[in-house]
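These protein sequences, in sequence, are chains G and C.
By our numbering, the letter at position 99 of the first sequence is numbered 396, and the numbering carries on one by one without gaps.
By our numbering, the letter at position 177 of the second sequence is numbered 474, and the numbering carries on one by one without gaps.
Note that these hints are calculated values from the structure, not bench results.
The structure displayed is predicted, hence computed values, not measured ones.
Note that the Cβ used here is the ideal one computed from N, Cα and C, for glycine as well.
Mixed in with the good hints there might be a few duds.
[Unchecked claim] Simulated restraints, written as ranges between beta carbons of each label pair:
| # | chain 1 | residue 1 | chain 2 | residue 2 | range |
| --- | --- | --- | --- | --- | --- |
| 1 | C | E431 | G | P429 | 17 to 27 angstroms |
| 2 | G | K512 | C | S378 | 17 to 27 angstroms |
| 3 | C | D414 | G | T472 | 28 to 38 angstroms |
| 4 | C | P429 | G | V479 | 46 to 56 angstroms |
| 5 | C | S474 | G | P366 | 56 to 66 angstroms |
| 6 | G | P429 | C | T413 | 29 to 39 angstroms |
| 7 | C | P429 | G | S393 | 56 to 66 angstroms |
| 8 | C | N522 | G | K374 | 28 to 38 angstroms |
| 9 | C | P429 | G | P429 | 30 to 40 angstroms |
| 10 | C | E445 | G | E480 | 30 to 40 angstroms |
| 11 | G | E339 | C | E339 | 29 to 39 angstroms |
[To be verified] SDA-like mimics (lysine to any residue), calculated; alpha carbons at most 20 angstroms apart, straight line:
| # | chain 1 | residue 1 | chain 2 | residue 2 |
| --- | --- | --- | --- | --- |
| 12 | C | K374 | G | V428 |
| 13 | C | K374 | G | T363 |
| 14 | G | K513 | C | K374 |
| 15 | C | K512 | C | N522 |
| 16 | C | K374 | G | D519 |
| 17 | C | K374 | G | F430 |
| 18 | G | K374 | C | P429 |
| 19 | C | K374 | G | P429 |
| 20 | G | K374 | C | K374 |
| 21 | C | K374 | G | H427 |
| 22 | G | K374 | C | N522 |
| 23 | C | K547 | G | E431 |
| 24 | C | K374 | G | E431 |
| 25 | C | K528 | G | D414 |
| 26 | G | K374 | C | T413 |
| 27 | C | K547 | G | V428 |
| 28 | C | K512 | G | E483 |
| 29 | C | K513 | G | I416 |
| 30 | G | K374 | C | F430 |
| 31 | G | K374 | G | T363 |
Protein chains: 2
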Amino acid sequence: MRNIRLTIAYDGSGYCGWQRQKNGLSVQEELERVLTTICNEEITLHGAGRTDAGVHARAMAAHFHTNSPIPPANLQKGLNSMLPGAVRVIALDVMSMDFHARFSAHSKSYHYRISTDRIQPPWERNYVTHVPFELTRDDMRACLDAIEGCHDFASFETAGSRDRELTTGRGSVRTISRARLVEEDEHHLCFEFSGDGFLRHMIRNLMGTILEVGKKRKSPQDFTNILRSRKRSAAGATAPPHGLYLVEVKY
Amino acid sequence: MRNIRLTIAYDGSGYCGWQRQKNGLSVQEELERVLTTICNEEITLHGAGRTDAGVHARAMAAHFHTNSPIPPANLQKGLNSMLPGAVRVIALDVMSMDFHARFSAHSKSYHYRISTDRIQPPWERNYVTHVPFELTRDDMRACLDAIEGCHDFASFETAGSRDRELTTGRGSVRTISRARLVEEDEHHLCFEFSGDGFLRHMIRNLMGTILEVGKKRKSPQDFTNILRSRKRSAAGATAPPHGLYLVEVKY
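The shape of chain G in the complex, shown without the other chains (with noise of 0.2 angstroms):
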């Protein structure tokens, strides 16, 4: 018996998300159903968390148990040929057999790209948000100096599902170690997060109220304010999946 790590790449534009659902086809399910093929046996993938539907991944993590013999760099190339060109394992990994996905990560990074354009190229559509406004940066990157550290993200967080197994004890605390606006260029903005952890939607939530301070519709202190109201009631909208990137599972 071996434990398999994959590193995986996808365009989620087409799925339902990472995790397997009813209605829809998911990410996991995908890649389960190859590797049933390729392995010869029943095949249960372990994501390090889930992502929702027409969010991407640079790095999604994954592990599962095989006792198919197959070579790591045979296993990786039979996947990628026969999976659809949306999702692509970036990198096969055997781990110890206590190696766990969601368990064993230390921090995640998201990426949420934006573009200022006034009329968005075609191919960015599915891939950056737009959001045709002059944006303050300033009063946005005070809001991300604001959530840095640990802190109650009550106020971003929508409500269901919350992982229990990884959250005992801790609630909607978390402790976010970097929150940067990096200007790629004239028109495209991304906001890195890196953190312990997120709740459900919090970078979109997160992201729906820091457009809203940019627009001016708000100010960084309605943003502190809000944060420290620990009331979803109080934040702005939940921004698109779309330009939501999972960057990074560190181990």
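Put chain C on the given structure of chain G with help from the hints.
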């Protein structure tokens, strides 16, 4: 009556090409449908040329005549609000009545994008042709040098549907004013072509053979011999459509 020029960006992935066709939705149809609604009269759009299924445009040009009095800025806004995100009107200009998107064009420019990454990021799969090989750039540049100037490109023309009105007298002779290889980054190459006209599949056929040279399966001298032979059978395969972009039509 006004004569209006549209400059259009589109993602060709979901279309059967620019030109109206019986089987499949074309970009032209998509635009004509919305124009007919907004202008409240039957609109026929005349494009600067055709693009194949899967080929993209950063700036296709097209014109139409209308009696509608709607101001240009409103027309552009209305179009973009009614069109799907895959098609964007990036400019709209009122022209003199003798302007014709096809016959008034002096030159066109195309880009062909290649990625040489070992594994292609999923979000590039419809927008960049994946060629996971070490490509010999100097040899490919020698091919590009060989096609600059006035040549008979019969070896790189796919049979059928040559535009008779435009090609009277010049057969498969075309003048390429510029053919360059730009290295976007370590793993991304952009082949840039400008000329007074292009034959059917000409750039995709040129790219098919240039990539053979890049992979060292043919030499730059072979390429020159193929060009001189004026026989389609001498050249390589047709490169896939999704790396190709119409980037400019000059008037």
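Exercise for the section: Decide if the proposed pair is consistent with the structure: K512(C) and E483(G), CA atoms, cutoff 20 angstroms inclusive. Expected result: violated (37 angstroms)
Exercise for the section: Note whether the CB distance of D414(C) and T472(G) lies within 28 to 38 angstroms or breaks it. Expected result: With a Cβ separation near 34 angstroms, D414(C) and T472(G) satisfy 28 to 38 angstroms, so the hint holds.
Practice task
Mind checking the hinted window 46 to 56 angstroms against the Cβ distance between P429(C) and V479(G)?
Solution key: For P429(C) and V479(G) the Cβ distance comes to about 29 angstroms; the hint is violated.
Practice task
For the pair we were handed, K374(G) and K374(C), check the Cα-Cα distance against 20 angstroms.
Solution key: Roughly 47 angstroms separates the two Cα atoms, so the pair is violated.
Handout entry: Agreement of K374(C) and P429(G) with the hint, judged by alpha carbon distance not exceeding 20 angstroms
Key = At roughly 13 angstroms apart (the allowed maximum being 20 angstroms), P429(G) and K374(C) satisfy the hint.
Handout entry: Distance restraint hint 29 to 39 angstroms, applied to the beta-carbon atoms of P429(G) and T413(C)
Key = holds (34 angstroms)
Handout entry: 20 angstroms limit on alpha-carbon distance, applied to hinted pair K374(G) and N522(C)
Key = violated (38 angstroms)
Handout entry: Proposed proximity, P429(C) with K374(G) (alpha carbon, max 20 angstroms)
Key = holds (13 angstroms)
Practice task
Could you say whether the range 17 to 27 angstroms given as a hint is met by the Cβ separation of K512(G) and S378(C)?
Solution key: Since the Cβ atoms of K512(G) and S378(C) sit about 20 angstroms apart, the hinted range of 17 to 27 angstroms holds.
Exercise for the section: Below or equal to 20 angstroms on CA atoms is what counts here, so check K528(C) against D414(G). Expected result: Answer violated: K528(C) to D414(G) is near 46 angstroms, above 20 angstroms.
Problem - K374(C) paired with T363(G) [C-alpha distance capped at 20 angstroms] - result: Roughly 56 angstroms separates the two Cα atoms, so the pair is violated.
Exercise for the section: Could you say whether the range 29 to 39 angstroms given as a hint is met by the Cβ separation of E339(G) and E339(C)? Expected result: Check failed, 59 angstroms falls outside 29 to 39 angstroms.
The structure fails to meet hints 1, 4, 7, 11, 13, 14, 16, 20, 22, 23, 25, 27, 28 and 29 from the earlier list, while all remaining hints are met.
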